[in-house]
Amino acid sequence: MTSHSLVKSYLLKAGFYFAIIGSVSLLFFNLIFQEDWTQRFTWLWFIVPLPVVFLIIARKFPFIAGLLMVALGIFMSVFDAFVSPGNPGQIAGKGMVYTIIFVSLPLVASGMTYILYRWKSFRASKGAKNEL
Amino acid sequence: MLKIKRSIKNLVNYFLDIVLAFSIIATLASSYILWFVLPRGQGAHFGMCAHQGMGITGNYYTVFDWPRYIWIDIHNWASVVLLCLIILHILMHWNWIIETLKRAKAYFSGPVRKVGEQFIASVTLLILFVADCFTGFVIWLILPRGALDYYNMLAGIGRTFWGLQRNVWVDIHVWLATLIVAIVIIHIILNWRWVVDISKKISNRVLEFFKGKERTGMEP
Chain P
1366 MTSHSLVKSY
1376 LLKAGFYFAI
1386 IGSVSLLFFN
1396 LIFQEDWTQR
1406 FTWLWFIVPL
1416 PVVFLIIARK
1426 FPFIAGLLMV
1436 ALGIFMSVFD
1446 AFVSPGNPGQ
1456 IAGKGMVYTI
1466 IFVSLPLVAS
1476 GMTYILYRWK
1486 SFRASKGAKN
1496 EL
Chain D
129 MLKIKRSIKN
139 LVNYFLDIVL
149 AFSIIATLAS
159 SYILWFVLPR
169 GQGAHFGMCA
179 HQGMGITGNY
189 YTVFDWPRYI
199 WIDIHNWASV
209 VLLCLIILHI
219 LMHWNWIIET
229 LKRAKAYFSG
239 PVRKVGEQFI
249 ASVTLLILFV
259 ADCFTGFVIW
269 LILPRGALDY
279 YNMLAGIGRT
289 FWGLQRNVWV
299 DIHVWLATLI
309 VAIVIIHIIL
319 NWRWVVDISK
329 KISNRVLEFF
339 KGKERTGMEP
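So the sequence lines, in the order shown, correspond to chains P and D. Okay, so the first sequence: first residue is 1366 according to the working numbering, each after it adds one. Okay, so the second sequence: first residue is 129 according to the working numbering, each after it adds one.
Calculated directly from the structure, the hints in this document are not laboratory data. Do not take every clue at face value.
What the hints assert, rightly or not - Capping the alpha-carbon separation at 30 Å, the derived lysine-lysine pairs in DSS-like fashion look like this: (1) D:Lys329 / D:Lys137; (2) D:Lys339 / P:Lys1378; (3) D:Lys230 / P:Lys1378.
Just so we're clear, the structure is a prediction, and the values are computed from it rather than from any experiment.
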């Protein structure tokens, strides 16, 4: 295995593992918002499977999946900045810092890794074409 | 002889892992109930914990007829059992840890090998678990739940440990636990082949045992 393909293989695996961390964190983030007294955030359940869908997309289109993953990560932080469940201070784990570190960061890291992987593959294929 | 020893060790590991899995499930289930089903109340009950600490100032709901305070006890002691099992798990895999440490240097200069990933996942899991146990002990023993905690926390004058209020320790505790769940999933994915192989071996042996019994039962 060449060092280039080794790096690419590492990137794919790292992207996958970051996505798993992001998915689990997203699930618990959603559960925090389900504590809202008025049940305003039940729609967040539809976001929970998204990282898994993006992982499936990443098998064929890593760049698009990476972009979607980054967008989802950023969206969760923005969402948390503007919206709050109804009983502040009583739900453990609610806080902007936690959302950024435990939800957004793994998702963005996963997305960036997939984008980097695609970029490296693109450069490698371009280099091979130039050699020909 | 060596083969028999190895097979016994595998069997012990396998069943210890099953007990470990049940222990993790018990801890996670109780933590899920504490976090989302019976979240903390305002904590203004002072020393008068009438009705087992329930009432308008605390969470007065129950799960399986047990109030939040019983669930906290279940969670604490299930975690202590889990801690003991994990120490046992580490001791039983001590040789693997030492061997893998020695191979770590070769790993980083060689091709992708699963053993390195397993090692990184295991070490991460261990570090997270130790940190989570520490935060758990802080909120259990050093900063136990007290009267007017909620109001003091809002005012920023609550009791602190290392400069952090109790609610911050609780937040760190729950998010570390979330990370542990994620890494446990990765740990199982990485060791999936071993789990399937040993499960197949054990189920084959059980089937053979029952088939043998059937045969001897049919003999006149």
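Here is what the structure says about each hint:
1. With a C-alpha separation of about 14 Å, the suggested pair Lys329 (chain D) and Lys137 (chain D) falls inside the 30 Å cut-off, and the hint holds.
2. Between the alpha carbons of Lys339 (chain D) and Lys1378 (chain P) the distance comes to roughly 43 Å, so the proposed pair goes past 30 Å and is violated.
3. A distance of roughly 23 Å separates the Cα atoms of Lys230 (chain D) and Lys1378 (chain P); the hinted pair therefore holds under the 30 Å criterion.
Going down the numbered hints, you'll see the structure goes against just number 2.
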